[in-house]
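S.K.: Residue-level listing of the chains:
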Amino acid sequence: MSKNTGIWVKLGKLDRRIIYWVMAIVTIVILIHPVGLPLVVTQPTIKFYNTIKTMPKGSVVLMEISTTAYAWDELGPSAYAVGKMLLAQGDKLITVGVQVPEAALLAQLVFEKSGWTQKATYGVDYVNLGYIGGGETGVFNLARNFQFVNKDAYNKPLSDLPLTRDIKDANDIQLIIDVHSASSADIWYLRHWVTPYNSKFIEVVASATINAMAQYYASGQVIGYLGGAKGGAEFEYTSGYLGNNIKALDAQSFLHFFFLGFVALANIGLLVEWRRTRQ
Amino acid sequence: MIDIWLVLGIVATLMVWSFFFYKNTVIFRIIQELITAIILANVVVVALQNINKFALTPVMQGNLILIVPMILGTATYLQLSKKGRYYSQLPVALVLGIGIGIAVQGALSTDIASQVVATMLPIGGNIVDSVNNVIFILCTLLTIMYFMFSGRMRTGVPSKFSTAGRYIVLWTIGAIFGVVAYSRFALLIGRLQYILQALGLIP
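Those sequence lines, one after another, are chains R and E. Positions 1 to 279 (this note's numbering) are the ones given, in order, by the first sequence. Positions 280 to 482 (this note's numbering) are the ones given, in order, by the second sequence.
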């Protein structure tokens, strides 16, 4: 009995590095040899997809990038797939960042990885506004007077770019897509774009942020969202614009399974130790 | 032809991971300082670009009123002087006042009215939806009770509801922790994909 107890306690106090190694090895094996687990597409993803699909051709889309580079491995592939779909539909894309200074660099990645730099013309089909300071005040100003951003990320005047020169306010933007990890930018857009202008608003969110924005989805203010890499995989599957998310889905499912296993082991170890100290 | 940026990316990733998979070594500290320096450099460059974009260029074009916020912005540096510290509070107060004013303007309908309306869910009709809606409404009410009755009314029937509300808050925090962990897995997978794709092991 005491020998068994000792094993449980040891497992409960397993060196974290062993856990990391096991998880990394499992991920590598599954990435190289995927098993093809089934994928169920959820309602938020369907609504996200339908919102883009039903837009008239040539609609102007504003993509807010309010995530730092650290979360890009989770959000980037989704943003690329969305970018590919917008390009294929013949929509116009403007990127902006109101919270993180690296927004211009991440936007550049979106344009490159989803084919805009090769198949579309800068200034006519897409524009990178870069980072705008001021946080919520910036979002407020952007809705009322788009031209207050007088230059894009590459220092070109907006009045010289055919896509942006005629945009006056939020009424000239047909859809907002917020790509965000742990920021408040979505709430700012809801306050200053969605509520006063009835702008359509969808989100690409990191898994860690789904809980914070779920209330706005439940209330209908956010029409749809892609939740983390799983949401991204669902979107890639639905839209047909395949990318890294769908390739990683099996690995993610297995990692979740292992994580739950380790949590259970740690808790059993804790309980056994707790009982032993009480005795 | 070797892509130098790809190699740098892999090396930097492995240097960061050395902390998790081995221990805190000089390799990890080097990459830690390097990342901090790169981020800081980018912030400084973007901040200077913004000053140029939103202040200097419009002033040069004749929009002289923008000299006022430029002076106010510069006044924040008076914090560094003992005599001028008082005056540095003026721009801070102005920014806070405007920020709060703008936030409150949209918050009433966005964060309060819409959320209250969204909680008024129908009961009846589809049984699954009805059960979901009852759970949703109950959780909302119990959580509100926890925050309202946790201070003064710690006895009697309200305290039972308050305790139930506390458990709901704890479950929610547990769920949030779970998805944060899942989010980190996505980052690990993303980096591993990057390395394996660079090595040609996966498409």
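Since the hints were made in silico from the structure, they are not lab data. Everything numeric in this text was worked out from a predicted model, so none of it was measured. Glycine is no exception: its CB is placed at the ideal position from the N, C-alpha and C atoms. Be a bit skeptical, because a hint or two may be false.
As the list claims (entries may be wrong) - With a straight-line cut-off of 20 angstroms between C-alpha atoms, the simulated EDC-like cross-links for lysine to aspartate or glutamate are:
1) R:LYS156 to R:ASP125
2) R:LYS247 to R:GLU273
3) R:LYS113 to E:ASP408
4) R:LYS113 to R:ASP125
5) R:LYS53 to R:ASP172
6) E:LYS302 to R:ASP15
7) R:LYS13 to R:GLU273
8) R:LYS156 to R:ASP166
9) R:LYS47 to E:ASP282
Stated by the list, open to error - Chain R side only, calculated, beta carbon under 7 angstroms to chain E, not exhaustive:
10) ASP73
11) MET85
12) GLN89
13) TYR131
14) PHE140
15) ARG191
16) SER207
17) ASN211
18) ILE223
19) GLY228
20) GLU273
21) THR277
S.K.: It remains to establish, for every hint, whether it holds in the given structure.
M.R.: The hints, checked one at a time:
The hinted pair formed by LYS156 (chain R) and ASP125 (chain R) meets the criterion: a straight-line CA distance of about 15 angstroms does not exceed 20 angstroms. For the hint pairing LYS247 (chain R) with GLU273 (chain R), the CA-to-CA distance comes to about 41 angstroms; that exceeds 20 angstroms, so the pair is violated. Simply put, LYS113 (chain R) and ASP408 (chain E) have alpha-carbon atoms about 41 angstroms apart, too far for the 20 angstroms limit, and the pair is violated. Simply put, LYS113 (chain R) and ASP125 (chain R) have alpha-carbon atoms about 16 angstroms apart, close enough for the 20 angstroms limit, and the pair holds.
Taking the CA atoms of LYS53 (chain R) and ASP172 (chain R), the gap is about 19 angstroms. The hint holds against a cut of 20 angstroms. For a cut-off of 20 angstroms, the pair hint linking LYS302 (chain E) to ASP15 (chain R) stands: about 12 angstroms separates their Cα positions. Pair hint LYS13 (chain R) plus GLU273 (chain R) holds up; C-alpha atoms about 10 angstroms apart against a cutoff of 20 angstroms. Using a Cα cut-off of 20 angstroms, the hinted pair LYS156 (chain R) and ASP166 (chain R) holds, with the two alpha carbons roughly 15 angstroms apart.
Our distance criterion of 20 angstroms between C-alpha atoms is broken by LYS47 (chain R) and ASP282 (chain E), whose separation comes to about 40 angstroms. Proximity of ASP73 (chain R) to chain E holds as hinted, the smallest CB-CB distance being about 3 angstroms (cut-off 7 angstroms). At about 21 angstroms, the closest approach between the beta carbon of MET85 (chain R) and any beta carbon in chain E exceeds 7 angstroms, and the interface hint on this residue is violated. This hint is violated: GLN89 (chain R) has a C-beta 26 angstroms from the nearest C-beta of chain E, more than the 7 angstroms allowed.
Taking 7 angstroms as the C-beta contact cut-off toward chain E, the hint placing TYR131 (chain R) at the interface holds, the least distance being around 5 angstroms. Below 7 angstroms, beta-carbon pairs count as interface contacts, and PHE140 (chain R) has one with chain E at about 5 angstroms; its hint therefore holds. At its closest, the beta carbon of ARG191 (chain R) sits 3 angstroms from a beta carbon of chain E; the interface hint therefore holds under the 7 angstroms criterion. Annotation: SER207 (chain R) was flagged as interfacial toward chain E, and the flag holds, the nearest CB pair being 4 angstroms apart, inside 7 angstroms.
Interface hint status for ASN211 (chain R): upheld, as the beta-carbon distance to the closest one in chain E is roughly 5 angstroms, under 7 angstroms. The closest approach between the C-beta of ILE223 (chain R) and any C-beta of chain E is roughly 14 angstroms, which is over the 7 angstroms cut-off, so the hint fails. A distance limit of 7 angstroms between C-beta atoms decides the matter here; for GLY228 (chain R) the minimum to chain E is near 6 angstroms, and the interface restraint holds. The interface hint given for GLU273 (chain R) is broken, as the beta carbon of that residue sits about 21 angstroms from the closest beta carbon of chain E, more than 7 angstroms.
Taken as an interface hint, THR277 (chain R) does not check out: its beta carbon lies about 24 angstroms from the nearest beta carbon of chain E, beyond 7 angstroms.
Of the numbered hints given earlier, the model fails hints 2, 3, 9, 11, 12, 18, 20, 21; all others are met.
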